[in-house]
Structure formats: C-alpha cells, structure tokens
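**Q** Listed in order, the protein sequences are those of chains B and U. Under the working numbering, the residues of the first sequence are numbered 781 to 1096, in order. Under the working numbering, the residues of the second sequence are numbered 59 to 311, in order.
The set of hints was computed from the structure by calculation and includes no laboratory data. Some clues are possibly wrong.
Now the stretches of chain U that chain B is said to cover, found in silico as 3 or more residues with beta-carbon under 8 Å [to be verified]:
#1 99-113
#2 156-163
#3 190-196
All of these numbers come straight from a predicted model, not from anything done at the bench. Virtual Cβ for every residue (Gly too), placed ideally from N, Cα, C.
The lines below spell out each chain.
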Amino acid sequence: MRNLLKIIILVLIAAGCCALYLFHDLKGSFDYALPRRVVKVVAMVITGFTIAYATVVFQTITHNRILTPSIMGLDALYLLLQTIIIFFLGSDHIIVTNKQLNFLISLVAMIVFALLLYRFLFKKGRQQIYFLLLVGIIVGTFFSSISTFFQVLIDPNEFQIVQDRMFASFNNINPDLVWLSLVIVGGAIIYAWRYITYLDVLSLGREVAINLGVPYDSIVRQMLIIVAIFISISTALVGPITFFGLIVANLSYQFFKTYKHKTLITGAIVLSIIALVGGQWVVERIFTFSTTLSVIINFVGGVYFIYLLLKERKAA
Amino acid sequence: MIQVKSLSKFYGKKAVVEDVSVTIQPRKITSFIGPNGAGKSTLLSMVSRLLDADTGEVLIDNTNVKKMKSNDFAKRVSILKQSNYMNVRLTIRELVSFGRFPYSKGRLTEEDERIVDQSLEYMHLSDLQHRYLDELSGGQRQRAFIAMVIAQDTEYILLDEPLNNLDMKHSVQIMKILRRLVDDLGKTVVIVLHDINFASVYSDWIIALKDGRVVKDGPTEEIIQSSALKEIYDMDIPIQDMGNCRICVYFNS
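Please construct the entire structure, taking both the sequences and the accompanying hints into account.
**A** And the structure:
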C-alpha cells in the first residue's frame, strides 16, 4: 500500500511536469505552440515508457542490474546505419531528409538485427543468454568502430548531420512518427502486459521459474523481442538514449524495494517521464537550448553509475 | 508413478546419462546415490524438465511429460536444485507464496494464504516468516525453499542434494520432514544424496548410478550390502547394524 501511495505521488509529479511543460509561458498560443508541445510531450512519454520497460525487463532476464539493452548493440547499429547512409548517399538524399522513411528503415534494420542475434538464443543451450550478450557486445563494438571509421573520412559538413544523430534530441520530432510509435507501443504493451507476473517468477532464476510452471524459454524469447522493438522505437524516434534506462530502473528498485514487476515497471516508467519532461523543460527554459537533454542525462547517469559501482563494491 | 524410459543425455560425444530406465514407486522415498559425475543430478533435471533429454521419455502416471503443459506439470511435480542463488530480496513468506504461483498466478486467494501458513508451520518457519532470505543461515534457507515446494502441493517432490552444506542436526531435521511428507501426506519424494547413511536410514528404495548407467535398483535392504556397495563405489564398505539402522562404515575402507 505504501508503494501505491508512492506511485500516486510520482504520477502527480509527472502530470505536474507535463502541465508545466505544456502551459508555461504559452502566452495564449493555443494554435501554434500547444500542438507542437503536445507532440514533444507524447514523444517523451513514449521514450520514457519504452526505455523504462525494456530496461527493467532486460535486467530481470539477465539477472543483472547494471546492464542496459544497449549491450545488444542496437544503438550502435542505428548510428552505423545513419553514418553509412549519409556517407554514401549524402545528407540531401531522401532517406536522410524524409523522416518517415528514415524511421522505418532504422526500425526494420534494428528489429531484423535483433531477431538474427536471437537466433543464437533460440538454439538450445545452457548459457545462452550470456552467449547472446557476448555476441551483442562484439557486434556492437564492431558497428561503433566502423561508424568511427566513416566519420573520420566523411566531409566535415556532412559530419555535422551525423553528429546531430548521435545524441538523443526531442527538439525536432515528426508528429506522424510519434503517432505511429504510439500505435506500435500500444499494441506491444497489450500483448506483453499479461506476462508481467511471470517476470516476478523469472527473477527467481531459471530453475525455480520452470519448477513453478513458467515456460521459461518461450517467455524469455518473447520478452527479448519486445525489448528489441521498444529500444528500436525509442532509438529511431529520438536517438540513442538507452543509458537513461539504467538510471530510472535502478531508481525504481531503490525507491520501491519490491520484487513485484507491476510496481517496479510502473515506477520506472513514471520516473522516466518525470526526468524527460522535467529535464527538457530545464533545458529549454533555464539553459535556453544551450545544451541537449541527453548530455545532461548522460552526465547525471554517469555520476549515478559510478555511485552504483562504489556501493556494490561496499556491499560485496 | 514416474516411469523413465531409456533416457540419455550427451555433452558432445560423452554420455552423461546413458539409456537409463527406472520406475519410481509412489508414496515412497527413492534415493539416487552414486559417485560424483555418475549423472544423478542430470537424470533428476531431465525428469523435472529443467533439461531436455537427447533420447528417451519420461511418463508421469502414463502421460508423457512433453505433452503436459508447464503449468499442469508444476501442479504435479516440483523440483528443488542444490543452488538457489537469486538476486531479488525476498522474505520467507514471499518465497513460500511463490509456491502457489501455478495455481493463482501471483494473486493469492484466501485458500492460498492458508496453504502458505500451513507450509510455514510445517517447516517451523512461522516465527521467521518476515525475515529476508539473505539474513538466514543455510539450514533456514533450505527449509524456506522446502516450504515453498510444500506450498506448491505436488504429488511428486524431487530434491537435488538438499543436505548440501548442512550440519548433522539440520540434515537430520530435513530428512525427518521428508519422511513425514511421505508417511503423513502421501507424497512421493525422489532425492539425490551423497551420504549413503542418510540414504540407508531414510529411504525406501535406492537407485545407484555409475558412469551414467543404473548399476543397482532395489529396496534399501538389498542395496546397503557390502557386495552391492563394492560394485557402486569400488570400495570395501563394512556394514554395521545399530538399532534399526544399517550404517556403512566407509571412513577407513
């Protein structure tokens, strides 16, 4: 019950952040500024939702609280894709300028990549998850290295465009993509929500989970596919931001101290909405766009990550 | 009744379990004994579907395990492995409540709560029920896991070396509880044991494995014989009768 109260308070804060973002300094511009702000807020909510959900689920499956799904190399693939497209086709090509097309290509490429990667997992074996992660790290590093290689060779003006894609940004979001993402995420969540109590059992480990009648391999498989879809959507929508998930997932664990994923995931989602919408408001109104949200998130996240490592060391 | 029919498991070309066929009698304690690497745990894992067998099949009351739904299987057979590391922080009561998961999917009914209470009572854990697992001693933890399995209320209970890392007192305590599960509640217990004296004193039936094959399969009196043990362990083990117990004196043989 105390956790329910905490969630209600967090939801109120999140609603307050959204209201502040939407209506602060609006000066009666209901036709022009408000719809644009609504799109941004919806984009931030989708991003917060997908990242929080994907990270908590991923950490439960891997039994590790300092991993993020970016270890599978999806954002590295996104950057490689963008770099290669701009390198070979130029920044004025339709795939770069047409955001819908770019979104769809990135989305499909990431999901296909994730499914190929999961082929390793679908094969039977005992340490399959760690093998998957290992392959993900290697392939991800490979993608990053190739991206860097092309970025060194690329025309400096084109590099500006690539650099723009390297950091998540909510400043220039296409409304059509937001609604499309909303539909995909909505569909996935309706599908996945019934598995949420299974996640509680998964956190007890494979053997206990199977003993308790959870079809472990099939649930892990489905959950990983949803993680891949969510990460792909948020990355294609705003750019690489998976590091953010680490912060909100761990904040949620600290804050709720429960094993129930219904609470943990809801908490992480609301926390990430507060961080994104509140953070974006700070970026726009206090820093007046002199920095981007993802720079702040990476800075705060980095500090928090070091704190986590130090704390884990003390506990050991 | 659990029937295991020519079950095999290979790692690479090495057979860990090879062509094993055994029948597990209902309402008895059956012990699997044998040297390290004999395939006891592997066999138990295959029976409890933690591990897929390469060949052969397992029948539970004449139904092939592979044809059963995971959830239905979990209502009939429970398995407890030797290491139960987990990275979530749970109280004993929360852990034992998970035993009701096959029935209620996490939404406990009053009936479930009652069964959880009974299981805690049965394992003498009622006073400790709100303690966290990481604050417990090895024996208490092991009892908590057994309480979860009791709450799961299955006809068959499979345990992989439940006495690992336990001292004499706690080992005896656990074995007595298992005996009561069989005698009072009519459960069928299958257990992997390393200490043959516990197998001798507490089990009704013993199946001995060696190099992935069954070497002995019979009632306890037949297996706890110097000649049979010689075949299983390659050791000359004298046997002493003490009260009602047959004790294997293997320490200096």
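**Q** Taking a Cβ-Cβ distance under 8 Å as contact, does the region 156-163 of chain U have three or more residues in contact with chain B?
**A** holds (count 5)
**Q** If you count the residues of the region 190-196 of chain U with a beta-carbon closer than 8 Å to a beta-carbon of chain B, do you get 3 or more?
**A** violated (count 0)
**Q** Report holds or violated for chain B covering the region 99-113 of chain U, Cβ cut-off 8 Å, minimum 3 residues.
**A** holds (count 4)
Against the hints set out earlier in the document, a violation occurs for number 3 only.
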